[in-house]
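A.B. asks: Please arrange chain B on chain A, whose structure you already have, making use of the hints.
Residue numbers (this note's numbering), protein chains in the order written: chain A, 1 to 78; chain B, 79 to 156.
One or more of the hints may lead you astray.
What the hints assert, rightly or not - If we take Cβ atoms under 8 Å as the criterion, some of the chain A residues that face chain B in the derived model are:
no., residue
1, D27
2, Y31
3, D62
Stated by the list, open to error - When the alpha-carbon atoms are kept at most 20 Å apart in a straight line, the in silico DMTMM-like pairs for lysine to aspartate or glutamate are as follows:
no., chain 1, residue 1, chain 2, residue 2
4, B, K132, B, D153
5, A, K4, B, D105
6, A, K4, B, E95
Note that these hints are calculated values from the structure, not bench results. Note that CB positions come from ideal geometry on N, CA and C, so glycine has one too.
There are 2 protein chains.
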Amino acid sequence: MTQKAIFYHAGCPVCIEAEQAVANALDPHRYDTEIVHLGKQPARIREAEATGVKSVPALVLDGMPFHINFGASLDALK
Amino acid sequence: MTQKAIFYHAGCPVCIEAEQAVANALDPHRYDTEIVHLGKQPARIREAEATGVKSVPALVLDGMPFHINFGASLDALK
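With the rest of the complex left out, here is chain A (with noise of 0.2 Å):
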C-alpha cells in the first residue's frame, strides 16, 4: 500500500531543485507522490499551513511537513 506524499513548491530555483532531487528520489512504491505549485494552486495554501509547512519547498510524508532549504515563505505567496 502507498503512503501519500505532497511536495508543494512556488517553482523558485530552490524548489525546482528540490523537486528534482528530493521529491524524485522518494521510493515510488512506497509512497505516491503529488506536486502542488502553490503559485498556480492558492486555494491550497490553507490546507499546507493546515499541516505545519510555513515554507516552500516543503514535502509532507505521512502528514508530518519537512521543510527543505528555503525558497520562499507561505505568507510571501498570499
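C.D. replies: Using the frame of chain A, we list chain B on its own:
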C-alpha cells in the same frame, strides 16, 4: 546503478524524525543511503561542510545539500 545519498544528523529529535521519514523514504533501488551521526563522527563535519551542509538534519543527494527543517547548526557540533 545506485547513487549515493548521505543523511547527516546529530541525534536530535528533529534529526530522528527526518531520518525515519525522509531518509527512509528514498528509493532503495536508486539510492544507497548512508546515515552519518556527526556527534559520534565529528571527523566528518569537514566533509559535510565542504558539500555545503550548514545544519542538521541534512540530506546530500548527488552532492547537493538539502537542509530538512532545523535541528542544529554544524558550528554547534564543533
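A.B. asks: Is the interface hint for A:D62 satisfied, with its Cβ closer than 8 Å to some Cβ of chain B?
C.D. replies: holds (7 Å)
A.B. asks: Starting from A:K4, check that the Cα of B:D105 is at most 20 Å away, please.
C.D. replies: It holds: about 15 Å lies between the C-alpha atoms, which stays within 20 Å.
A.B. asks: When you check the alpha-carbon spacing of A:K4 and B:E95, does it fall within 20 Å?
C.D. replies: Holds. A:K4 to B:E95 sits at ~17 Å (cutoff 20 Å).
A.B. asks: Are A:Y31 and chain B close enough, Cβ to Cβ, to be under 8 Å, as the hint says?
C.D. replies: holds (6 Å)
A.B. asks: With the threshold set at 20 Å, check whether the alpha-carbon distance from B:K132 to B:D153 stays at or below it.
C.D. replies: holds (8 Å)
A.B. asks: With chain B as the partner, please determine if A:D27 meets the hint condition of a C-beta pair closer than 8 Å.
C.D. replies: holds (4 Å)
Checked against the numbered hints listed earlier, the structure breaks none of them; every hint is satisfied.
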